[in-house]
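Given these sequences and hints, build the entire structure.
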Amino acid sequence: MNPVLPLLALRAFAEAGRHRSIKHAAEALGVTSGAVSQQIRQLEDRLGVTLFTRTRHGVQLTEAGSKVHPAMVMAFDQIAGGLGELEAINARPTLTISTVPSFAASWLVPRLGRFTQRCPDLEVRIEASDTLVDLQKMRVDIAIRHGLGDYPGLVSDYLMAPVLLPVAAPAVLRAGPLIREPADCLAYPLLQDSDRADWPLWLRATGCPDDPRAERGPAFDDDLLLIRAAIAGQGIALVRDIYANEEIATGRLALVLDRPWPTDFAYYAATLPIARKRGSVMNFISWMKEESSSGSKVE
Numbered sequence: 400m401n402p403v404l405p406l407l408a409l410r411a412f413a414e415a416g417r418h419r420s421i422k423h424a425a426e427a428l429g430v431t432s433g434a435v436s437q438q439i440r441q442l443e444d445r446l447g448v449t450l451f452t453r454t455r456h457g458v459q460l461t462e463a464g465s466k467v468h469p470a471m472v473m474a475f476d477q478i479a480g481g482l483g484e485l486e487a488i489n490a491r492p493t494l495t496i497s498t499v500p501s502f503a504a505s506w507l508v509p510r511l512g513r514f515t516q517r518c519p520d521l522e523v524r525i526e527a528s529d530t531l532v533d534l535q536k537m538r539v540d541i542a543i544r545h546g547l548g549d550y551p552g553l554v555s556d557y558l559m560a561p562v563l564l565p566v567a568a569p570a571v572l573r574a575g576p577l578i579r580e581p582a583d584c585l586a587y588p589l590l591q592d593s594d595r596a597d598w599p600l601w602l603r604a605t606g607c608p609d610d611p612r613a614e615r616g617p618a619f620d621d622d623l624l625l626i627r628a629a630i631a632g633q634g635i636a637l638v639r640d641i642y643a644n645e646e647i648a649t650g651r652l653a654l655v656l657d658r659p660w661p662t663d664f665a666y667y668a669a670t671l672p673i674a675r676k677r678g679s680v681m682n683f684i685s686w687m688k689e690e691s692s693s694g695s696k697v698e
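Heads up: the sequence shown begins at 400 in my numbering, then just goes up one per residue.
None of these hints come from the bench; they were simulated from the model. Glycine included, every Cβ here is placed at the ideal spot set by N, Cα and C. Treat the hints with caution; some may be incorrect.
[To be verified] Below, computed lysine-lysine pairings styled on PhoX-like, alpha-carbon distance capped at 20 Å:
(1) K536 <-> K676
(2) K536 <-> K422
(3) K688 <-> K676
[Stated by the list, open to error] If you anchor each label on the Cβ, the simulated ranges turn out as follows:
(4) L654 <-> M537: 34 to 40 Å
(5) Y557 <-> E484: 25 to 31 Å
(6) D621 <-> K688: 20 to 26 Å
(7) R595 <-> G546: 16 to 22 Å
(8) P659 <-> Q459: 38 to 44 Å
Below is the structure:
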């Protein structure tokens, strides 16, 4: 066999198996889907072994592919980790965190000073964006994601599961009809999430029949915008408790009804397996767990 290792083909194989998708593997590698497919075909031709079967959901490893794929992924992760260590020799210790703007502004950033006091020599960089980052491709140490915690190729740590609360400006509630039951909220303007799904689901979860009024009102694609609209007196908003608690405590918002609705999704800290060998990464994750479990407020 040719002693020259087909590194490009092996990397294509590793990423396609990691993501179960040629398209996602191509995005991770910064090449076209055709280039990934060609590399995998060349590797299969060289080895005389079929590594993938195609399904309507993407690609699936064959029995032969499944046997060697974990070792390939580990090898490339180790190479990436070694390169990162070489780059970090003369660099200032830095930890890059990626999360959505609402979580960064309402929960993470106000508490960050406590972590800085604990680790003053570590420079923390917060990247707030609604774009889902690829930790394989981007220089991000921890991605705080809102979902079910199942992220292929990553290790996720549970942080918190927020609940939805109906809130409004106190002046709006004083001027409007009395709210005794969830259905009474329909008499007010409703501030919607981008999918217009939260209000119908919350009303259904509290025992209310379906009502077309539950989907009316302006929609916002970020919890911070929902909160700002509610503070401005534009209507009642359903927002996650971790974003609303401070506004309720200061009196800018009032809890309409004490009927919190647990959401199926939670916040997780997602990392590459090799990143967990770094003390700074695990220290930050441990600190976030402490903050979320203690329910500590911003000082």
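Going down the list of hints, with the structure as the test:
1. K536 <-> K676: holds (19 Å)
2. K536 <-> K422: Given pair K536, K422 holds - Cα atoms ~14 Å apart, limit 20 Å.
3. K688 <-> K676: holds (18 Å)
4. L654 <-> M537: 34 to 40 Å: Hint holds: Cβ distance 39 Å, inside 34 to 40 Å.
5. Y557 <-> E484: 25 to 31 Å: About 28 Å separates the Cβ atoms of Y557 and E484, which means 25 to 31 Å holds.
6. D621 <-> K688: 20 to 26 Å: holds (25 Å)
7. R595 <-> G546: 16 to 22 Å: Given about 20 Å between the Cβ atoms, the range holds.
8. P659 <-> Q459: 38 to 44 Å: holds (41 Å)
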